[in-house]
Amino acid sequence: MLPEGSDLAFEGLQARVTIVRGLGGGTQGQVFEVDVAGERMALKWYFPNSIAADPNLERRLLASIQATAPNPSYLWPLALLRPAAGESTRLPLAVQSFGYLMPLRPPGYIGAHEHVGGLVDISLQTVMRSSFFLAEAFHDLHLRGLCYKDISLMNLFLEPSSGRILICDNDNVAIDGRDPGSVLGTPGFMAPEVLLRQARPGANSDLFSLAVLIFRLLTRHDPLLGSLELAIRCLDEPARRRLYGEDPVFIFDPRDDRNRPDPEAHPAALVTWPIYPAPLQVLFLQTFGIGMKSPERRALTGQWKQVLARTLDQRRLCPHCGQETFPDPAAPGRCWNCGRELGPGLALQLPHGLVQAAAGNELHPHHFDNLHPQGLGNPLARLESHPSRHDLLGLRNLDAHPWQALLRNGERLNVDPGQVCNLAPLTGLVTPSGPITLLR
Amino acid sequence: MAFPNVRLSNRPLHFIYLCDCSGSMAAQGKMQALNQAIRQSLPGMADVARENPEARVLVRAISFSDRAFWHIPDPTPVTDLVWTDLQAGGITAMGEALELVASQLSSPPMEERALPPVLVLISDGQPTDDFERGLSLLMRQPWAQKAVRLAIAMGHDADLEVLQQFIGPEPFPRLPEGEVPGASGHQPRMAARSRSPRRPLQASNATSLAQYIQWASTAVVGAASRPASRLGGEELHSNQNQSNIPLPDLPPTLMDPTDDIGPLVW
Ligand SMILES: Nc1ncnc2c1ncn2[C@@H]1O[C@H](COP(=O)(O)OP(=O)(O)OP(=O)(O)O)[C@@H](O)[C@H]1O
Ligand SMILES: [Zn+2]
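Line by line, the protein sequences are chains V and C. Read left to right, the first sequence gives residues 40 to 479 (my numbering). Read left to right, the second sequence gives residues 2 to 267 (my numbering).
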């Protein structure tokens with residue numbers, strides 16, 4: 040719609056906007072990479088008919104732009120653009136339309152569907168971190184009184200190296216309960232009461248969608264596709280209405296076993312579910328159990344954040360097969376992968392948390408200060424194995440201040456920012472944030 | 002240490018082109034335009050297939066002229082697909098083409114569980130064989146009834162009636178905006194009505210043909226593989242008497258669709 044290479048003027052914008060290239064099209068419009076005064080951004084440009092179908096769109100966007108992004112995980116609208124008066128001759132169709140500028144998604148991010156489709160190598164820790172970032176993004180959005188309404192795998196991007204996420208297509212975000220908006224959501228991610236049109240999408244239906252997304256990330260499977268799906272020959276809209284709206288049954292519902300995963304048809308669910316510790320499973324059981332029909336009983340964003348953060352702290356590498364596991368520190372039990380006993384492991388006791396000593400695990404400010412919101416963005420330390428001697432495990436100081444390591448022989452050792460200290464001879468560390476004690 | 006080697010379970014999505022290769026397709030570069038349009042659409046189709054892990058998109062094609070043949074007989078993943086050019090020459094065995102599809106839509110060979118198949122019929126003329134028989138054989142198959150059936154009319158000699166029969170009953174006819182039924186004293190022409198995927202799509206030139214092929218192989222494949230975002234204004238059961246998946250909007254065209262400007266390329 041907007042020709043590549045063209046240089047356009049928009050109402051109220053000093054700089055001209057150069058259309059660099061098309062990034063893709065969806066149902067509502069097209070997205071372009073643009074250059075605005077030397078900065079690369081993304082421009083979403085609506086089809087005139089989708090504006091006509093959604094009379095509140097412009098008002099909603101302006102409200103979002105004014106509210107600003109709740110959190111860095113959103114590719115949030117930054118400015119609304121309308122063609123300047125003089126452009127009507129060059130863009131006969133586009134003048135009836137408008138669009139918005141947002142940050143450009145940096146390289147390195149992949150669509151969440153690539154993970155769910157098994158097309159990328161990714162660690163369990165990364166997927167767990169992405170799930171945390173997702174819960175955090177919804178948490179910060181809901182705290183502002185906003186709701187997302189139409190989250191699905193299509194709007195979610197992950198960085199496989201860090202687990203960081205980006206959420207795009209934020210044009211349905213609205214004040215919870217205020218703006219009816221036009222979007223209901225996407226079947227399969229939509230709460231049953233919204234699919235059945237008994238309720239409008241809002242924060243409580245977002246909680247259902249959040250649980251579906253986290254489940255899909257952690258299991259590569261759909262929480263409602265089990266044996267009941269096998270009875271359906273043609274999976275079309277009426278069938279989806281039954282599975283996701285009229286008779287939704289969680290595949291691991293302890294009180295209703297009609298929809299158990301089938302070993303042949305749904306192996307992903309059966310392989311992955313046992314990986315996760317009980318407190319995490321409980322949040323799914325709650326949201327897809329009592330919360331299925333009672334929206335106010337669904338697990339809250341804060342609960343997801345807390346449980347996912349603790350699960351990350353519990354991560355250990357199986358001493359036999361090397362696979363990532365998330366056992367209860369009090370009762371490690373057997374490895375989900377090789378079935379052998381995990382046995383006790385080295386752990387770091389912090390003022391507000393217990394972190395297993397496994398390469399890749401991190402210490403965060405919330406481990407030292409329980410008033411600090413849970414977050415993974417600014418780690419204070421990371422467990423790392425020695426670059427050549429993989430049997431040596433160390434702790435890298437990511438703080439701005441030097442730390443004191445306490446050696447078993449009573450001596451003290453300085454650990455400067457950026458340095459890694461070997462954990463083997465230590466009993467603990469003293470840091471400005473608080474003490475770290477090694478539990479063997 | 003890695004995510005276990007599992008993936009979302011998926012269902013096959015059969016996508017079948019039925020291409021008219023009668024002698025008239027040789028005129029004004031129509032055959033080349035169709036070959037080009039399909040070939041150019043494949044990368045986009047592969048992207049959509051990749052984006053939809055719940056679907057396993059499998060493509061086949063039939064060509065029909067004096068007889069109907071499988072041009073691509075095996076259900077082929079779109080990334081493995083190599084499009085060899087169709088050649089024009091002969092008459093229009095459209096009925097036989099429908100029969101060929103019918104034989105493949107019965108189970109077996111059709112899988113027991115699948116997503117709604119997508120059938121795209123492209124023609125520039127009238128069937129010369131027993132179209133009715135082919136259609137009734139096809140529509141006896143439950144998978145054909147569940148299928149998304151689209152038709153593209155190339156040029157102005159295509160038999161719109163026949164293509165409409167393939168799609169199914171025409172939706173409630175909508176008049177152009179502002180027009181009062183009967184006020185103009187004449188029946189609105191097919192082309193003068195608002196466009197709908199439930200009517201034959203009229204490709205009057207190579208550009209609009211390419212747009213429609215692109216739309217069918219991307220937007221429609223996406224809609225058939227996974228549920229789409231739902232708008233509140235839509236009627237609960239709208240579309241459902243017509244099709245079992247909500248069809249995406251047609252691509253916006255640069256030309257006014259109500260404006261009959263005649264052929265550009267042929
Ligand atoms: N900020 C961005 N940076 C880079 N690419 C983007 C950005 N926003 C969107 N895209 C890409 O542009 C394409 C279309 O975007 P989007 O999903 O927003 O369109 P849409 O019309 O809202 O689609 P739908 O409503 O069907 O999801 C997608 O491929 C998306 O990945
Ligand atoms: Zn093991």
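Please keep in mind that the hints were generated in silico from the structure rather than gathered at the bench. Backbone N, C-alpha and C fix where the C-beta goes; we use that ideal spot for every residue, glycine too. Take these hints with a grain of salt, some might be off.
Unchecked claim - Chain V is faced by these chain C residues, among others (derived, beta-carbon under 10 Å):
#, residue
1, Pro5
2, Ala115
3, Leu116
4, Asp160
5, Arg199
Hints versus structure:
Residue-level restraint check for Pro5(C) holds (minimum Cβ-Cβ distance to chain V is 5 Å; threshold 10 Å). A cut of 10 Å between beta carbons decides the hint on Ala115(C): the least distance to chain V is about 7 Å, and the hint holds. The closest approach between the C-beta of Leu116(C) and any C-beta of chain V is roughly 6 Å, which is under the 10 Å cut-off, so the hint is satisfied. For Asp160(C), the shortest C-beta to C-beta distance to chain V is roughly 29 Å, which exceeds 10 Å, and the interface hint is violated.
Given the 10 Å rule on beta carbons, the hint for Arg199(C) is violated: about 15 Å separates it from the nearest Cβ of chain V.
In summary, the numbered hints that this structure violates are 4, 5.
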